[in-house]
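Asks: In case you want the letters, here they are:
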Amino acid sequence: MNRFPAAEELESTLGDPHRPTGPLTFGAAMAGDHAERWPHSSLDRLRAWGYPAHLVPASLGGRLTSLEELLAVGRVVARRDPTVAVIANSPWASGTPVWLAGTPAQQREYADAVLRGQWMSLALTEFDKGADLLSSDLTARRVSGGYVLDGAKWVINNIRLARFVCLLVREPSLTGLRSLTLLLVDMERLPAGSYELLPRIHTHGIRGADIAGMRFLNAFVPSSAVLGRPGRGLDLTIRSLITIRTLVPGLSLGAFDTGLRCAFDVLRHRHVRQGRAIDLPHVRAELAAADLDLRVAETLATCCVRILQHLPALAPVASAVAKYLVPHLAEQRLRRLAGVLGARYLLRQDHWYGIYDKLVRDTRLFSLFDGSEPVVLSSLAAQVSCLTEPGVDPRAADEVFQPAFAPPPYPSGLAALGTASDFDPVTAGLDGACADLEREAGSARAAALLRQAGRDLLADAHRDVDPRSEDGLRVGERYARTFAAVCLARSGPAHWRAAGVESLLRPGAPPRRETTESLFLDLAMRHAGRSALSLSRPA
Amino acid sequence: MDQTIEAALGTAAQLDRALGDPMDERSPASFHAAVATDREGRFPQHLRDAAFSWGLAEYLTPAASGGRLRSLDDCLALFRVLARRDLTAASVIAAGFLAGLPVWQCGTPAQRRAVAALLRRHELLGLTMGEAEHGVDIMADTRFETLAGAGHAWRLSGRTTLAGHDGHAAGTTLLARTGAGVTAFLLLREADRGGHWRSDPAYETHGLRGSALGRLTLSDFPAGPAEMVGPPGQGLETTARTLPVARLTVAGLALGGLDTCLRAVVAFARSRRLYGAPILELEPVAVRLTDVYADLLIGEALCHGLCRAARTDPHRFPALSARAGDLVPELAGDGVESLAIVLGARAYCATEHWHGIVEKMRRDVAVVTALTDSGDLAPAAPPDELPPDPFVPVPPELAWLGEPAADGSGDGDGDPLARARALIRQEGLPGPYAPRLLELLDRLTGIASHGGTSPSPGDALADAAAACASAWLYGRRRDDFHATGAWLLLCLRRIAVRLGESQPADAGLRRQAVDRIGLAHDERRLFSDIEVALR
Ligand SMILES: Cc1cc2nc3c(=O)[nH]c(=O)nc-3n(C[C@H](O)[C@H](O)[C@H](O)COP(=O)(O)OP(=O)(O)OC[C@H]3O[C@@H](n4cnc5c(N)ncnc54)[C@H](O)[C@@H]3O)c2cc1C
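Chains as they are written, first to last, in this note's numbering: chain A, 1 to 539; chain B, 1001 to 1535.
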């Protein structure tokens, strides 16, 4: 049974991405990228299909109940053009504070605007402040009936087009962790002359997107714009970012999918001394390893998105794991495959309209925004002590790993979402996962590696680790890889589960030859079809 | 390391100073100009002109042919400083140099004079990159069909890809299938009297945007013995001889690109404040910078080791280059990626920090290896598959390679890892690093002498370790950082990490490295083991 009818329907509606022209084709993606042009026709096509409804919770008039489906839908778009996917999904992502903490009136207005196809922004970053949100310079002074805003935001997606902006501000009258507030600013009601849109910022990837800044000049915003409670903006921002980080992997997966498919095709047609490039053992091994990473990434992304809806208390850990590993695996593999492609990779107009290079550039953003690699790893290091919590029942996570998964409709379960996890039932299931692996032929090495990783991680959990130190980042990475390996051991299909666990725990080591060959043949078969390499996790 | 290398870097420093301050937007050799021309897809003609005005042509012409090029050290150093400005211009010049190599190695005196003359007119050859439909597989492609005529006269027809400032290439060396097999030719565009040479608009490329690959179409281009380079039917062997040099050249380009990225990111890490302090004080940021600095030193030592081998032991040079040559672009590629993480959003914005030069370098470093892409697709050709002794005979054909070093390099004979170990054991080292160094040297000596006949991925790293030990033996009295063994430890730790062996944190060593990086930045010196003052 197909679990993502909307994604399948979208995929078939959009048709063959190899057509020479037309919305959401590789040709259109490259032409838009070259001209740094906003992808009008592709976005119109999505709107005509009804994409905006998939970004709005069903309770507010949309069709969004399952984030797993949103992940799949985003992936369908990203595999054709990651730039379009970033833009198309941004009204949902920008609205995460609204979905989590908006008043009914705020939610209603925001949802209606999204359904009408309007654009939105989430504005956190400032020119001189990146991850250090607490030092934001954009201030909101309290005045009668509202706030007066002064200061600027920088590198914000869609800010020049936005109807609503979720804006992080600092209240000078407040101090410390409770000095930030999130406001839902309606740009149509902002007095003219009280703000200035800054020029578009040219970027190396997602070149068609409209990235810019905005300066507020004594701009008045009514008190009704406050999202959640005043002074609790940091908490709400972190919870929103946790949600967004869980969904970013869908974009990476789409780009990874096309990149692998494209590389496979190039190498299939490339002739070398001994015959076809694809018949060389080291080329097969590279492609098989890339496919293994894609499967690992896909499984992990699915588990983490399910955790967000089923076990939101664990989402602060799971979101960081997904946000680190999935974009990382995609980016690293695309870079490596570019090396295998060799000089062919240089040619822009050549194969598949030259989409490969665009994928390389676009995917780099995914490890960078909404929490860069060091930031998410240090957030994992800060949470690793949750592993010392006694008596955590691994069965709490069982549902996440079942083939069929029916979560409470989004965003109803998310009230329990906090900013850090106090316990981790996934990693608590490590012993059970190892025991399962040990029962399978050929999986002993994977089981041993996982047991060792678990022991090392537990030792880390008992240490005093500075999350912003190098040691902290290493602990964060170990946590991410171990967590991911347990997810894989508990839900990956038997024929590559052990290989996946090994690749996570021994990054860079090539898979075993038998595994390589079977993975390669499987990839070749799936490549014969033109749809995404996999839209849903095999049961 | 030896005096030849120091002299070559000295010459390169002169070129760098002549090119002016890369941060000065008005300078034609600035980062601003590099990025601007790249965005517009134009070739950075201004930088090329400036380099040639300085006298680059002389350094691209071997001394035996009247130029000043005496060793590969010169090429390496010059391409390195050119690349630090703009990899596009540097790569085009490098492509021209590589295209001329078969002529210097096997060409006739008349051909050498012709190539020297075109260089003096500030013109360059284009480098063929194989037939478009077959990637760059020189062995399998049929390239140019030939019409054999009497007395070795051919008419060459076909289409190929030319790397270099397309449309401006003054000629090329290429392979054509003749009756005798595959033969190499030097074709000069000026010899075309009747539309036999046509260049089509440049391909658009991802990296090196303005340098471009172009399509060259020959229709009945006349060629006779005067155009033939080397004996008929020996074309593949002739061009394969250039591969070891090509690898070294690419390594030099990669080192130059990485130098600029490190420089730009150091400046950023000192000025960007986060959580109340410059981000350079965040340990992970300092670690990244230190690691890249170490990679640069390793890459440099390896390249200099290869240059020395080409001078002192030309028979071994091809095999050594095949084993280790690709490691340097790999180190540079990884280094640039790591530095981009430090830059964060600024690495992604096209006009931000230092005009976006880091991202341009990032793209260019990733593709610069295409210049050595033989289409072989094997990770590294095993030494015994290389043509035999590509650098033999040495004189007179290859006199430009210079005489074997008699410059008191202090390198002596034997394995430098073993010698470093023996020296530390016997003499000890001031400071705390001797025990750790001995441990690492033992470990790496074990890897270097694993004795397997088939090449392994560790070979390049073992060679790199040996090159570092050799460089340290030569320069160990230079300053405290060398005398205490800190320099060697910094490099060997990185090599061990790349071999999969994690290393314990060493905050003291890192602090020293960060200070040195800062000093080289402030004093505008190349990030190098040798003091090379830049503009
Ligand atoms: C194309 C694009 C679109 C974007 N869209 C938006 C948007 O719509 N809304 C928005 O608010 N922002 C947006 N951003 C900003 C993005 O989320 C920022 O990149 C992010 O906030 C981080 O800031 P920074 O990159 O300036 O790096 P900084 O956070 O300033 O980090 C600088 C350096 O410090 C290191 N560092 C930081 N914290 C730690 C730590 N805890 N431990 C160790 N090292 C650390 C980092 O690795 C990095 O090396 C966008 C960025 C881009 C490029």
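None of these hints come from the bench; they were simulated from the model.
This structure is a prediction, so every number in the text was calculated from the model and none was measured.
Every residue gets a Cβ at the ideal spot worked out from N, C-alpha and C, and that includes glycine.
Take the hints with a grain of salt, since some may be wrong.
[To be verified] Some residues of chain B that are not near chain A, with every Cβ distance over 12 angstroms (derived):
#, residue
1, Thr1011
2, Ser1271
3, Arg1272
4, Glu1281
5, Ala1340
6, Ile1341
7, Val1342
8, Gly1356
9, Thr1369
[Said to hold, decoys possible] Just a few of them, taken from the derived set where beta-carbon distance is under 8 angstroms, the chain A residues facing chain B:
#, residue
10, Gly130
11, Ala152
12, Val155
13, Arg163
14, Leu365
15, Leu368
16, Ser372
17, Pro467
18, Ser469
19, Asp471
20, Asp522
21, Ala524
22, His527
Asks: Taking the closest Cβ pair, is Leu368/A under 8 angstroms from chain B?
Replies: Nearest chain B Cβ about 6 angstroms off; hint holds.
Asks: Does the CB of His527/A sit less than 8 angstroms away from some CB of chain B?
Replies: With a closest approach of 19 angstroms, the His527/A hint is violated.
Asks: Taking the closest Cβ pair, is Arg163/A under 8 angstroms from chain B?
Replies: violated, 24 angstroms
Asks: Tell me if the interface restraint on Leu365/A is satisfied: Cβ within less than 8 angstroms of some Cβ in chain B.
Replies: Holds. Min distance 6 angstroms.
Asks: Beyond 12 angstroms from every Cβ of chain A: is that where the Cβ of Ala1340/B lies?
Replies: Ala1340/B not clear of chain A: closest Cβ-Cβ about 8 angstroms, inside 12 angstroms.
Asks: Measuring Cβ to Cβ, find out whether Ile1341/B lies farther than 12 angstroms from everything in chain A.
Replies: Not fine: 6 angstroms to the nearest Cβ puts Ile1341/B too close to chain A.
Asks: Grab the minimum beta-carbon distance between Glu1281/B and chain A and tell me whether it stays above 12 angstroms.
Replies: violated, 10 angstroms
Asks: Since Val1342/B was said not to touch the interface, does its Cβ keep a gap of more than 12 angstroms from each Cβ of chain A?
Replies: Not fine: 9 angstroms to the nearest Cβ puts Val1342/B too close to chain A.
Asks: Hint Asp522/A vs chain B: min CB-CB distance below 8 angstroms?
Replies: Because about 22 angstroms separates Asp522/A from the closest Cβ in chain B, which is outside the 8 angstroms limit, the hint is violated.
Asks: Per the CB criterion, is Asp471/A less than 8 angstroms away from chain B?
Replies: Since the shortest Cβ distance to chain B is 7 angstroms, the answer is holds.
Asks: Would you say Gly1356/B is clear of chain A, with no C-beta pair closer than or equal to 12 angstroms?
Replies: Non-interface label on Gly1356/B violated, nearest chain A Cβ at 7 angstroms vs cutoff 12 angstroms.
Asks: Determine whether the non-interface label on Ser1271/B survives the test: each CB of chain A must be over 12 angstroms from its CB.
Replies: Ser1271/B not clear of chain A: closest Cβ-Cβ about 10 angstroms, inside 12 angstroms.
Going down the numbered hints, you'll see the structure goes against 2, 3, 4, 5, 6, 7, 8, 9, 11, 13, 17, 20, 21, 22, while the others check out.
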